[in-house]
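S.K.: Take a look at the letters that make up each chain.
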Amino acid sequence: MRSVAFIFFVLLGTSALAQMDQSILSVGWNTIKPLSDKEFTNKTSSAGMKLGYSKLMNDRFGFGIEGGFNTLDDYVPRQTYEYPGGAVTTDIYNYLYYYTLMGNAQYYFVQTKNFVPYVSVAIGVAFSEYRTYYNVYSDADNNASFAVRPEIGTLFRMKENARVGLKTAASYDYAANKSSYFEVDNFSGISFHVGLVIFSE
Amino acid sequence: MKRALPIGLLLLTCVSCMQEPETGNLVKYMMVQTAYNEDFINTNENIFDTYSTFVIREDTIGFVSNLSDTKYFTEEDLPDFVTPVVGAIRDGFAQDYQQVTETDNPDFAVNVVILQNFSYYQSFNYGYGYPGSYYGYYGYYYPMVSTYYSNYVTLLVQVVDAKNPNFENEYPIIWSAYIGDLNATMDLKGKTLEAVEQAFEQSPYLKKN
Numbered sequence: 064m065r066s067v068a069f070i071f072f073v074l075l076g077t078s079a080l081a082q083m084d085q086s087i088l089s090v091g092w093n094t095i096k097p098l099s100d101k102e103f104t105n106k107t108s109s110a111g112m113k114l115g116y117s118k119l120m121n122d123r124f125g126f127g128i129e130g131g132f133n134t135l136d137d138y139v140p141r142q143t144y145e146y147p148g149g150a151v152t153t154d155i156y157n158y159l160y161y162y163t164l165m166g167n168a169q170y171y172f173v174q175t176k177n178f179v180p181y182v183s184v185a186i187g188v189a190f191s192e193y194r195t196y197y198n199v200y201s202d203a204d205n206n207a208s209f210a211v212r213p214e215i216g217t218l219f220r221m222k223e224n225a226r227v228g229l230k231t232a233a234s235y236d237y238a239a240n241k242s243s244y245f246e247v248d249n250f251s252g253i254s255f256h257v258g259l260v261i262f263s264e
Numbered sequence: 504m505k506r507a508l509p510i511g512l513l514l515l516t517c518v519s520c521m522q523e524p525e526t527g528n529l530v531k532y533m534m535v536q537t538a539y540n541e542d543f544i545n546t547n548e549n550i551f552d553t554y555s556t557f558v559i560r561e562d563t564i565g566f567v568s569n570l571s572d573t574k575y576f577t578e579e580d581l582p583d584f585v586t587p588v589v590g591a592i593r594d595g596f597a598q599d600y601q602q603v604t605e606t607d608n609p610d611f612a613v614n615v616v617i618l619q620n621f622s623y624y625q626s627f628n629y630g631y632g633y634p635g636s637y638y639g640y641y642g643y644y645y646p647m648v649s650t651y652y653s654n655y656v657t658l659l660v661q662v663v664d665a666k667n668p669n670f671e672n673e674y675p676i677i678w679s680a681y682i683g684d685l686n687a688t689m690d691l692k693g694k695t696l697e698a699v700e701q702a703f704e705q706s707p708y709l710k711k712n
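Protein sequence lines, in the order shown, are assigned to chains A and B. Quick note on the working numbering: the first sequence kicks off at 64 and runs consecutively. Quick note on the working numbering: the second sequence kicks off at 504 and runs consecutively.
The following block holds chain A by itself, in its conformation from the complex (with noise of 0.2 Å):
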């Protein structure tokens, strides 16, 4: 899954950079506080990044394609569990790999000043990697699922005109994946997001 992810990196900046219409391309950090699978991985993580690139309609609407990931991890301490007919002691490092790639539309309120404040929406698929890692020993789950994201941010050009900038967002993350084996329902999370962002003509 995870060598799916660097060949879409590789092949959505490459396409994006190609691009010489009006459009966006940004790319930055992501943090992401989960608000469930709390269980599992209870920790924010700035593991992650967020790529985008989107094709503007007019000063208003643009739509495009992203893709992000974050590496999820928490700690369980050593303990013992206990099931019919034995017990296991260990302790647990549990990780989730957490991808996406999702289309977008996006609103944005105004165009010509150096803030370049928008909301948008995304809707697409995410690839779940739920994993524990104890002593050399691991056991993985993966699953891919339903995501949206609605998104709020701000475009911010350094001078008028600028062709690059940076970004801010902040966004609600919901991917509808189901991990029997780890006993997760979906996952859910808060995200912030800052990057650099380059304007085509």
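No wet-lab data here; the hints were simulated from the structure. Check each hint, because a few of them may be wrong.
As the list claims (entries may be wrong) - With a straight-line cut-off of 27 Å between C-alpha atoms, the simulated BS3-like cross-links for lysine-lysine are:
no., chain 1, residue 1, chain 2, residue 2
1, B, Lys-574, B, Lys-694
2, B, Lys-710, B, Lys-692
3, A, Lys-106, B, Lys-531
4, B, Lys-531, A, Lys-101
5, B, Lys-666, B, Lys-710
Please build the complex by placing chain B on the supplied structure of chain A, with the hints as guidance.
M.R.: Using the frame of chain A, we list chain B on its own:
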């Protein structure tokens, strides 16, 4: 060339985000898994209540490997490991049972074996697994060796009943403890002894009431 830099930075960022726990933290404690035969230990009975004597081979630890023909290790082969580890296991059982020799018709035998590159998870069988002999590493039998490859090295401690062979003269495995990984640990003796103690602690039925 202009595209190479951002793509390179992007890949670097991807790699930095794909984290895994550090090995040093992972092997801080050994994993201890214990399992008991529910045909002999259940809400109605505990066969350990009926036992009085046991036998254990103290001079060797058996060795089962997909990669080697070695059948056992002596203290000379694994200095400061065989004697203290077998001693800790013996002491654990000796709290409630009397250690005897093989010729004294013991109630159960304790086998201590190191498994290397051996797919024990897939092959584990609680049934009557020791045909013809409940004890001894020479000709040690374990069902279904798999070709599945791993670097795992696991200490297996098994209690084999010596009183209740079935009609095919097979002796049942009553209790097993899997302790690992012996290969990755930074403190082989210390962490193994700690894990042996934990195996007894999480198996409170291993005593005579």
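S.K.: Confirm or reject each hint.
M.R.: Hint-by-hint comparison with the structure:
1. Of the pairs offered as hints, the one joining Lys-574 (chain B) and Lys-694 (chain B) holds, with about 24 Å between alpha carbons and a cut-off of 27 Å not exceeded.
2. In summary, the hint linking Lys-710 (chain B) to Lys-692 (chain B) is supported, as the alpha carbons are separated by about 25 Å, within the 27 Å threshold.
3. With a CA separation close to 21 Å, the supplied pair Lys-106 (chain A) and Lys-531 (chain B) stays within the 27 Å bound.
4. Our distance criterion of 27 Å between C-alpha atoms is met by Lys-531 (chain B) and Lys-101 (chain A), whose separation comes to about 24 Å.
5. For the given pair, Lys-666 (chain B) sits about 17 Å from Lys-710 (chain B) by alpha-carbon distance, which is consistent with the 27 Å threshold.
Of the numbered hints listed earlier, not one is contradicted by the structure.
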